[in-house]
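Trainee: Sequence:
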Amino acid sequence: MRLLSRLALSAALSSGLLLTACGSPDTITPSKAEATVTESQRLNDWFEARFQDELARSPMSQTYLGQKDNQEKLDDVSQLAVDEDAALTRAWLADMRRNFDVDRLDAPTRLSYRLFETAAEDDLATHAVSDHDYIFEHLSGPHSQFPSFLINFHAMSSVKDARAYIARLQASQTYMGQYVDRMQAQYDTGIAPPKFVYPKIMSAAQNVITGAPFGDGTDSPLFADFKSKVSKLDIEETAKAELISEAEAALTNHLKPAYEALIAQLSTHETTATEEDGAWKLPNGEAYYQTRLKHFTTTDLTADEIHDIGLKEVARIQDEMRQIMADVGFEGSLQDFYTFLRTDPQFTLPNTDEGRAEYIKQATAYIDVMKAQVDDLFLIRPKADMIVKRVEPFREDTAGGAFYDRPALDGSRPGTYYINLRDVAEQPTYLMQALAYHEGIPGHHMQIAISQELQNVPKFRTLGFYTSYVEGWALYSESIPKELGLYTDPYKDFGRLSMEIFRAARLVVDTGLHAKKWTREEAVQYMLENIPNPEGDVRAEIDRYIVWPGQATAYKIGMLKIQELRKRAETALGDDFDIRKFHTVLLADGAVPLNVLEELVETWIASESKGT
Numbered sequence: 182m183r184l185l186s187r188l189a190l191s192a193a194l195s196s197g198l199l200l201t202a203c204g205s206p207d208t209i210t211p212s213k214a215e216a217t218v219t220e221s222q223r224l225n226d227w228f229e230a231r232f233q234d235e236l237a238r239s240p241m242s243q244t245y246l247g248q249k250d251n252q253e254k255l256d257d258v259s260q261l262a263v264d265e266d267a268a269l270t271r272a273w274l275a276d277m278r279r280n281f282d283v284d285r286l287d288a289p290t291r292l293s294y295r296l297f298e299t300a301a302e303d304d305l306a307t308h309a310v311s312d313h314d315y316i317f318e319h320l321s322g323p324h325s326q327f328p329s330f331l332i333n334f335h336a337m338s339s340v341k342d343a344r345a346y347i348a349r350l351q352a353s354q355t356y357m358g359q360y361v362d363r364m365q366a367q368y369d370t371g372i373a374p375p376k377f378v379y380p381k382i383m384s385a386a387q388n389v390i391t392g393a394p395f396g397d398g399t400d401s402p403l404f405a406d407f408k409s410k411v412s413k414l415d416i417e418e419t420a421k422a423e424l425i426s427e428a429e430a431a432l433t434n435h436l437k438p439a440y441e442a443l444i445a446q447l448s449t450h451e452t453t454a455t456e457e458d459g460a461w462k463l464p465n466g467e468a469y470y471q472t473r474l475k476h477f478t479t480t481d482l483t484a485d486e487i488h489d490i491g492l493k494e495v496a497r498i499q500d501e502m503r504q505i506m507a508d509v510g511f512e513g514s515l516q517d518f519y520t521f522l523r524t525d526p527q528f529t530l531p532n533t534d535e536g537r538a539e540y541i542k543q544a545t546a547y548i549d550v551m552k553a554q555v556d557d558l559f560l561i562r563p564k565a566d567m568i569v570k571r572v573e574p575f576r577e578d579t580a581g582g583a584f585y586d587r588p589a590l591d592g593s594r595p596g597t598y599y600i601n602l603r604d605v606a607e608q609p610t611y612l613m614q615a616l617a618y619h620e621g622i623p624g625h626h627m628q629i630a631i632s633q634e635l636q637n638v639p640k641f642r643t644l645g646f647y648t649s650y651v652e653g654w655a656l657y658s659e660s661i662p663k664e665l666g667l668y669t670d671p672y673k674d675f676g677r678l679s680m681e682i683f684r685a686a687r688l689v690v691d692t693g694l695h696a697k698k699w700t701r702e703e704a705v706q707y708m709l710e711n712i713p714n715p716e717g718d719v720r721a722e723i724d725r726y727i728v729w730p731g732q733a734t735a736y737k738i739g740m741l742k743i744q745e746l747r748k749r750a751e752t753a754l755g756d757d758f759d760i761r762k763f764h765t766v767l768l769a770d771g772a773v774p775l776n777v778l779e780e781l782v783e784t785w786i787a788s789e790s791k792g793t
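Numbers in this note's numbering are just positions in the sequence shown, counted from 1, shifted up by 181.
In short, the hints are calculated from the structure, not lab data. Each hint should be verified, as a subset may be incorrect.
[Said to hold, decoys possible] Pair by pair, the computed Cβ-Cβ distance ranges are:
hint, residue 1, residue 2, range
1, A366, L492, 36 to 42 Å
2, G536, G592, 31 to 37 Å
3, R503, L261, 52 to 58 Å
4, D250, D369, 46 to 52 Å
[Unchecked claim] Heads up, simulated DSS-like pairs for lysine-lysine below, C-alpha to C-alpha not over 27 Å straight-line:
hint, residue 1, residue 2
5, K381, K413
6, K249, K475
7, K410, K254
8, K663, K376
9, K663, K673
10, K570, K413
11, K493, K673
12, K640, K410
13, K410, K341
14, K697, K381
15, K791, K673
16, K249, K437
17, K698, K673
18, K552, K249
19, K341, K249
20, K552, K381
21, K381, K698
22, K421, K249
23, K475, K640
24, K640, K254
25, K421, K341
Backbone N, C-alpha and C fix where the C-beta goes; we use that ideal spot for every residue, glycine too.
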């Protein structure tokens, strides 16, 4: 590379001498525009190379993206690999700063430069405190992520795919063992989750190795999945039986000991676990929590500032809720109305398979209606489709209430809105509509699928994820259908406000738990007193905030920024404000930090004001 640079420099100097002699620089010297194109293309090529370098280090990410390269391998998740990732990030950041002139880039590439720089700096800051992030927790730890990964993402259309699945089962002992080693290293430095978390993790881990071939009863989740996928292969029955036999051996000889070792280690750690819940209990806990807040909100807001914002937003939304109470003629306090919503059977479907199927049907219908309306709100829409799907029973007890998985890059897998229907009573129907909009359209699916389909944008951006932006957009999206008159039922509109106050209350309890030393029960009682969610849902959510410090603050902070920017644009542009153009500005560059989003909107406002 240096040799090529020297040759290029020599050529430029020689050209300069000739130009002086001939007196015709415009015919030979590259124009400023051409130099900008060249430098921008060079950096975009560099971004692509770095993306491929990073992807090559993660066979599981390749599978998540729908690729079948290295399908027989799992990631190296050892501490050494984690530290190597950080070292690579540090080296790449230095390389970019050293070898590319930001002033010679076109505007889109300058934005890419800035976003790569911001993401790298954030990665390094979070890596510095990453030993504080619980390796195993009940919501999404490796023990539940691994089987979910194989079941939902490891496609099987050939014998080769089946043998790759088996190879991954065989590698599970090393894979899980690396996580266990990191958990032990954490534990040795005084970092461990609260006592209540351990039984939840161990129960979920035991679910993975319960049933055949580990014992009597129905097939275990992974064995059932493997059999189901093999049964669809166009091969002889004897070949299917051979593959199933190999999978059984891999499950028995590798997966089972991996999970048994994990459960044994967790059992040992549980004996010394405490009831203290917040990040404040950890070594340098205050600094760790502030790093988490900055990472998730992409702001410099302090815990106290976020707490106060939450209190104010809860009070404001409750005033709007009281108006709906008056509209439906309910007599009593807001808390009485919450109790009514939690207990009246009209707001729940039967807790049966038929009730679960009906929930999926109705949620899908809400999204289908919204699909037909998107042209009134957007100039761009995703090509990828989406589906609504029930969370698999094996992970219902520990999975979140609802979440979204992105589609495959090649379109082979749609985006998926997962709904946890373990207990249908915890998914009241008055929340169904707003939740479908949040996870599906115009929420996560609209934003994430559009982002990964962007053209002429580096892949690190199309697949980028800033929680405050992504979740802020989804929360903002719950209110968009109201403008179209889609919340025709006042209880469903109350559900929209319920979703919003839920996120506002998160600002209060997350900072309460991790900065103000609230107990788990204090946080639960605050939520029960101030939001209508069922108690089981509230308790599950508080347990989530405890093991994911700071994450839950991103939603409302992101929504508030988007609302602020929209109001600013509407005020500045008046009758010239076009909601479709505004949404395009929000979505057209992929996920960005909130300060960058603000600059993009300000630039658009200025452009629209000039009529350009």
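Trainee: Next, verify each hint and record whether it holds.
Mentor: Outcome of the hint check:
no.: 1; hint: A366 / L492: 36 to 42 Å; in the structure: holds, 39 Å
no.: 2; hint: G536 / G592: 31 to 37 Å; in the structure: holds, 32 Å
no.: 3; hint: R503 / L261: 52 to 58 Å; in the structure: holds, 57 Å
no.: 4; hint: D250 / D369: 46 to 52 Å; in the structure: violated, 37 Å
no.: 5; hint: K381 / K413; in the structure: violated, 34 Å
no.: 6; hint: K249 / K475; in the structure: violated, 36 Å
no.: 7; hint: K410 / K254; in the structure: holds, 19 Å
no.: 8; hint: K663 / K376; in the structure: violated, 43 Å
no.: 9; hint: K663 / K673; in the structure: holds, 10 Å
no.: 10; hint: K570 / K413; in the structure: holds, 21 Å
no.: 11; hint: K493 / K673; in the structure: holds, 23 Å
no.: 12; hint: K640 / K410; in the structure: violated, 31 Å
no.: 13; hint: K410 / K341; in the structure: holds, 13 Å
no.: 14; hint: K697 / K381; in the structure: holds, 25 Å
no.: 15; hint: K791 / K673; in the structure: violated, 41 Å
no.: 16; hint: K249 / K437; in the structure: holds, 26 Å
no.: 17; hint: K698 / K673; in the structure: violated, 35 Å
no.: 18; hint: K552 / K249; in the structure: violated, 31 Å
no.: 19; hint: K341 / K249; in the structure: holds, 10 Å
no.: 20; hint: K552 / K381; in the structure: violated, 38 Å
no.: 21; hint: K381 / K698; in the structure: holds, 23 Å
no.: 22; hint: K421 / K249; in the structure: holds, 21 Å
no.: 23; hint: K475 / K640; in the structure: holds, 24 Å
no.: 24; hint: K640 / K254; in the structure: holds, 23 Å
no.: 25; hint: K421 / K341; in the structure: holds, 12 Å
The structure fails to meet hints 4, 5, 6, 8, 12, 15, 17, 18, 20 from the earlier list, while all remaining hints are met.
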